[in-house]
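Number of protein chains: 2
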Amino acid sequence: MTSINPMTSINRLVLLGTGLIGGSFALALKRAGRVRHVVGVGRNAQNLQRALDLNVIDSASHDAAEAVQGADFVLIATPVGQMGRLMGEIAPHLASDCIVTDGGSTKRDVVALYREHLSQHLGQCVPGHPIAGSELSGAAAAQYGLYEGRRVVLTPLPETRSDAVARVRALWEVCGASVYEMSAEEHDGIFACVSHVPHLLAFAYMNSVLDRSNASACLDFAATGFRDFTRIAGSHPDMWRDIALANRDAILADLKANAEQLKHVIGLVESGEMDALTDYIGRASRARNGWGKR
Amino acid sequence: MTSINPMTSINRLVLLGTGLIGGSFALALKRAGRVRHVVGVGRNAQNLQRALDLNVIDSASHDAAEAVQGADFVLIATPVGQMGRLMGEIAPHLASDCIVTDGGSTKRDVVALYREHLSQHLGQCVPGHPIAGSELSGAAAAQYGLYEGRRVVLTPLPETRSDAVARVRALWEVCGASVYEMSAEEHDGIFACVSHVPHLLAFAYMNSVLDRSNASACLDFAATGFRDFTRIAGSHPDMWRDIALANRDAILADLKANAEQLKHVIGLVESGEMDALTDYIGRASRARNGWGKR
Numbered sequence: 001m002t003s004i005n006p007m008t009s010i011n012r013l014v015l016l017g018t019g020l021i022g023g024s025f026a027l028a029l030k031r032a033g034r035v036r037h038v039v040g041v042g043r044n045a046q047n048l049q050r051a052l053d054l055n056v057i058d059s060a061s062h063d064a065a066e067a068v069q070g071a072d073f074v075l076i077a078t079p080v081g082q083m084g085r086l087m088g089e090i091a092p093h094l095a096s097d098c099i100v101t102d103g104g105s106t107k108r109d110v111v112a113l114y115r116e117h118l119s120q121h122l123g124q125c126v127p128g129h130p131i132a133g134s135e136l137s138g139a140a141a142a143q144y145g146l147y148e149g150r151r152v153v154l155t156p157l158p159e160t161r162s163d164a165v166a167r168v169r170a171l172w173e174v175c176g177a178s179v180y181e182m183s184a185e186e187h188d189g190i191f192a193c194v195s196h197v198p199h200l201l202a203f204a205y206m207n208s209v210l211d212r213s214n215a216s217a218c219l220d221f222a223a224t225g226f227r228d229f230t231r232i233a234g235s236h237p238d239m240w241r242d243i244a245l246a247n248r249d250a251i252l253a254d255l256k257a258n259a260e261q262l263k264h265v266i267g268l269v270e271s272g273e274m275d276a277l278t279d280y281i282g283r284a285s286r287a288r289n290g291w292g293k294r
Numbered sequence: 001m002t003s004i005n006p007m008t009s010i011n012r013l014v015l016l017g018t019g020l021i022g023g024s025f026a027l028a029l030k031r032a033g034r035v036r037h038v039v040g041v042g043r044n045a046q047n048l049q050r051a052l053d054l055n056v057i058d059s060a061s062h063d064a065a066e067a068v069q070g071a072d073f074v075l076i077a078t079p080v081g082q083m084g085r086l087m088g089e090i091a092p093h094l095a096s097d098c099i100v101t102d103g104g105s106t107k108r109d110v111v112a113l114y115r116e117h118l119s120q121h122l123g124q125c126v127p128g129h130p131i132a133g134s135e136l137s138g139a140a141a142a143q144y145g146l147y148e149g150r151r152v153v154l155t156p157l158p159e160t161r162s163d164a165v166a167r168v169r170a171l172w173e174v175c176g177a178s179v180y181e182m183s184a185e186e187h188d189g190i191f192a193c194v195s196h197v198p199h200l201l202a203f204a205y206m207n208s209v210l211d212r213s214n215a216s217a218c219l220d221f222a223a224t225g226f227r228d229f230t231r232i233a234g235s236h237p238d239m240w241r242d243i244a245l246a247n248r249d250a251i252l253a254d255l256k257a258n259a260e261q262l263k264h265v266i267g268l269v270e271s272g273e274m275d276a277l278t279d280y281i282g283r284a285s286r287a288r289n290g291w292g293k294r
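One line per chain: the protein sequences are R and Z, in this order.
Number 161 in my numbering belongs to position 161 of the first sequence; there are no gaps in the numbering.
Number 59 in my numbering belongs to position 59 of the second sequence; there are no gaps in the numbering.
No lab work stands behind these hints: they were computed from the structure.
Please note: incorrect hints may appear among the correct ones.
Any copy, or any two copies together, can satisfy a pair, since identical chains are not distinguished.
[Unchecked claim] Heads up, simulated EDC-like pairs for lysine to aspartate or glutamate below, C-alpha to C-alpha not over 16 Å straight-line:
(1) 263 <-> 273
(2) 256 <-> 159
(3) 256 <-> 270
(4) 30 <-> 53
(5) 30 <-> 97
(6) 30 <-> 148
(7) 256 <-> 211
(8) 30 <-> 173
(9) 30 <-> 186
(10) 293 <-> 220
(11) 293 <-> 275
Isolated chain R, as found in the complex (with noise of 0.2 Å):
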């Protein structure tokens, strides 16, 4: 890297939390060599040296305060429950133009620790979904491409500088993703749509098995389709009582909304209306069906 454009290149990148997510960013951008330096911050020794040894990073720390001091790009990649903390520990440190983002799969809540911890900096802030889940977590989950042909979405704040916003961007585009902008009230209902809310369905739905006198021969029997239907179920149980809780008014909107779907399927199957409960399935068929070949 001869010359740095500072738009789609940085300096010192910090991740606050070393995983799939940061670590997957940085690989992205030292594959393109958009990146001089890689410190990753984290509370897992074992995971930090993982992390140097497979090059995702090239300094660790323990100390985000310390870690971001000359930083031009901090990327916050931990579970949403230790953002706000790290934002408070990091505000004093911050040089005045680094750019702070993070991958929080939530943002209304993100959204207010920003305004709590950053109400100096929020010019540079830019809270941010980069959308790839996995069941998969720490740093020797990482990996390049990850980003490749994905989403991310980014929902700036009404003081967010757009050159910020247009860096973040950018350098998500490096990653080979694309990159929406919405608010944060329209991402976390899109989202307790499409991914917190089947989780939880999903959880609800295994934990209805294993309350059955029979749960370990139903088990046995499970075939191709509880296996894709439940993939879910498997997820991390401290991440998804976060999410389930951050983004708790649009969760219980939708759960409820499901609710009243159950009812109306029970009334179908109950009262046998043959063509009623064909048009239902066909809806549903047909929409999954359709689904990404727009």
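The hints should help you fit chain Z onto chain R, whose structure is shown.
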């Protein structure tokens, strides 16, 4: 095939319904040299021609009554809704020792059809369910090896002769399947739980998405979790309407248990009980991650 062991071979196999289930059974037995002649019966001439072209069957017929003459093994592999009519058509023409089995995914209703239409032949009737679902259908979907490592459930009637059960079991084992026996009631409870109800939950969820005013934006941002959770929502409306109604009692009991679970989840999210929510998700997550590893 020089000499025939009638326990593990078939002279004249009749497939009533020439699609994935029946066709794959025929192909597996052909490869093993365990069937002399396969007759495919169906209403769709194009599909039968395809089955002939692919050597899934050796001759084709539109007439079930004619086809079963001289047969020693009949596999009814149509949607359950067509089985009663077919049983009635073949009843007067069956040789006394001809096995009749089926591939229906519900069993109490099929048992009732055997009793209604084949009351003189129950000793040779072996209700069955090969568990090898797929979104694919038609003779062109038939494949060698479909049943390798899969499970087949048999739900014999009290009247069924044990040598008839043993013969059906042996032939499925030739196809590479593991064979289990249980009552029709137990079968239907288990498959309501692990297959039928997940389908209905997936249809309901998909309809809840479609009912949103921002459904299109939601579908745009849906990712891999959504993809897997909703795969079964793309299933065939007529087939799943039939299953929902055929196994109505077991399904309703299980749907109502799921409605209670959903109410419980809504309560946990609403009250924000961190530990209870973590435990609830953790129970589901551990069970899902342990599944299939026993």
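Taking the numbered hints from earlier one at a time, note which ones the structure violates and give those numbers from smallest to largest. 2, 5, 9, 11
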